[in-house]
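All chains, please: the whole structure from these sequences, using the hints.
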Amino acid sequence: MGLLPLLCTTAALAQTPATPAISNGDNAWMLTSSALVLFMTGPGLALFYGGLVRRKNVLSTMMQSFAMMCIITVLWALVSYSLAFGTGNAFIGGFHNAFLHGVGLAPDPDYAPTIPAQTYMVYQLMFAIITPALICGAFAERMKFSAMCLFLTLWALVVYSPMAHMVWGKGGLLNAALGGKIPCLDFAGGTVVHVTSGVSALVCALYLGKRVGYPREPSPPHSVVLSFIGACMLWVGWFGFNAGSAVNAGGLATSAFVNTHFATAAAAIGWSVAEWIRNGKPSALGAISGAVAGLVAITPASGFVQPMSALLIGLVAGVFCFLMVTVVKSLFGYDDSLDAFGVHGAGGTIGAILTGIFASSAINPMFGAGKPTGALEGNWHQVLNQIIGVAIAWTLSIVGTLILLKLVDMIVGLRVTREEEIEGLDVTQHGEEGYDFGS
Amino acid sequence: MHKIEAVIQPSKLDAVKDALLEAGIEGMTILEARGHGRQKGHTEFYRGREYTVDLLPKIKIEMVVRDEMKDKAVDAILAAARTGKIGDGKIFVSKIDDAIRIRNDERGPSAL
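The listed protein sequences derive, respectively, from chains A and B. Under this note's numbering, the first sequence has 281 at position 153, and the numbering climbs by one with no breaks. Under this note's numbering, the second sequence has 89 at position 85, and the numbering climbs by one with no breaks.
Source of the hints: derived by calculation from the structure; they are not laboratory data. These numbers were taken from a predicted model, which means no experiment stands behind them. Any given hint might turn out to be false.
Subject to a maximum C-alpha distance of 25 angstroms in a straight line, what follows is the list of computed BS3-like cross-link-like pairs (lysine-lysine) [unchecked claim]:
| hint | chain 1 | residue 1 | chain 2 | residue 2 |
| --- | --- | --- | --- | --- |
| 1 | A | Lys-184 | B | Lys-62 |
| 2 | B | Lys-7 | B | Lys-44 |
| 3 | B | Lys-74 | B | Lys-16 |
| 4 | A | Lys-338 | A | Lys-184 |
| 5 | B | Lys-99 | B | Lys-21 |
| 6 | A | Lys-409 | B | Lys-44 |
This is how it looks when you write it as structure tokens:
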């Protein structure tokens with residue numbers, strides 16, 4: 129009789145759980161975040177970009193985002209999830225998880241121990257969708273639909289998958305969480321998503337050349353109203369993008385959520401004040417552009433910094449991107465039609481560096497309890513790692529994009545004819561018109 | 005018969021329509037137009053690029069009236085549309101060869 133409680137206690141002590149159980153709370157949040165990130169592309173980005181182009185090109189611009197929602201999904205399911213997140217080497221995954229082999233409802237303990245592996249896969253898919261969609265801003269109003277589909281599909285394989293693998297994949301060179309040799313702090317994809325898309329966008333803008341009539345003829349947005357609606361959708365959806373990158377519904381998600389919101393507000397104010405000073409009036413387009421710049425810059429930092437740092441990061445990004453888009457763009461004369469480079473490339477770069485400076489172990493002890501995460505805590509070496517990560521993103525984007533543009537140009541031809549461009553892409557590429565105000 | 009074409013400020017449309025109705029003129033066509041005379045446009049900024057918008061929104065009213073109504077119509081428009089500032093607009097009067105009612109083929113001034 130006396131031995132029974134002792135045996136029970138021993139038995140209880142011997143029962144250590146082998147794998148953590150699925151948390152319904154975490155899974156609910158992650159599935160919601162996945163939906164929020166998809167919402168950022170459609171209709172968020174579609175509206176944001178759609179409103180910025182001329183009326184004759186509104187549908188073609190929206191089709192570019194929508195095409196990514198469809199094509200990248202299939203590609204991800206077949207092969208690119210495996211290339212990004214499968215086991216491979218420091219630079220790329222492998223084909224083990226092609227056709228989602230081995231990606232079931234049991235958790236992957238390395239990536240996301242408390243949610244089904246397919247939740248993590250579908251969450252990451254939404255990132256893979258929006259990244260190429262962002263590039264479309266650079267070649268808006270002049271790229272063939274067929275060329276765009278081919279180019280961005282190849283880009284997803286050649287540039288996005290390796291970059292995602294290096295920063296987030298098992299064994300990735302830059303993966304701070306899973307023992308990468310050059311650990312970079314990129315919470316939600318400042319380098320993976322924004323630097324790659326922004327820099328690739330610049331390369332596209334330079335390679336394709338300027339739109340007919342640029343910069344002499346003005347081509348103002350046909351509907352800042354649509355862009356406004358899209359930008360607000362981006363802001364809300366971005367909570368899934370950043371706070372979802374905590375991969376659970378705990379305190380880190382809260383930090384990322386708060387930081388995202390604070391930085392965005394500060395950035396919109398920063399851009400608006402800069403514009404007010406420079407042009408005499410704060411525009412709606414400027415304010416929403418500032419907000420997007422803040423969202424971009426806080427992306428790598430969202431799960432690492434204190435809220436007050438987030439305000440500062442947003443403010444800096446708002447002013448910095450304003451200068452990139454107004455001063456630097458006209459100085460160099462490239463036609464980055466929708467400022468994909470000025471906002472995403474520049475915002476992502478500065479966000480990555482500021483992450484290295486402001487990262488706080490109180491928020492996220494990435495390198496172990498008691499060890500400093502960012503520069504202001506004492507880990508100045510991190511800034512160098514951030515720069516290296518950004519440099520790798522720049523290099524991969526430039527080289528990969530140039531090769532693919534050349535290839536697609538030879539196969540299909542990149543640009544529409546001059547006449548097609550003047551008539552408009554909606555009619556010439558898709559055989560329809562966006563608006564019909566007839567009775 | 006005379007055709008009267010008046011390019012006016014959009015904000016004056018209601019006043020001009022009421023004045024014409026009061027003067028006994030019932031038939032008119034209203035068009036939304038853009039244009040300018042000596043009135044300067046304004047500048048707009050989009051992402052740092054400055055655009056000069058010099059095609060301003062206008063309203064054009066067209067009507068064909070009998071000879072005896074011509075002066076009444078012009079005076080009604082002038083009184084209702086004038087503010088005294090640049091941008092008030094202009095009125096053009098021209099002769100009309102014929103007018104035909106589509107419904108019953110009535111021709112001439114009685115078709116007006």
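Hint-by-hint comparison with the structure:
no., hint, verdict
1, Lys-184(A) to Lys-62(B), "24 angstroms, holds"
2, Lys-7(B) to Lys-44(B), "29 angstroms, violated"
3, Lys-74(B) to Lys-16(B), "20 angstroms, holds"
4, Lys-338(A) to Lys-184(A), "17 angstroms, holds"
5, Lys-99(B) to Lys-21(B), "22 angstroms, holds"
6, Lys-409(A) to Lys-44(B), "19 angstroms, holds"
Violation of the numbered hints given earlier is confined to hint 2; every other hint is satisfied by the structure.
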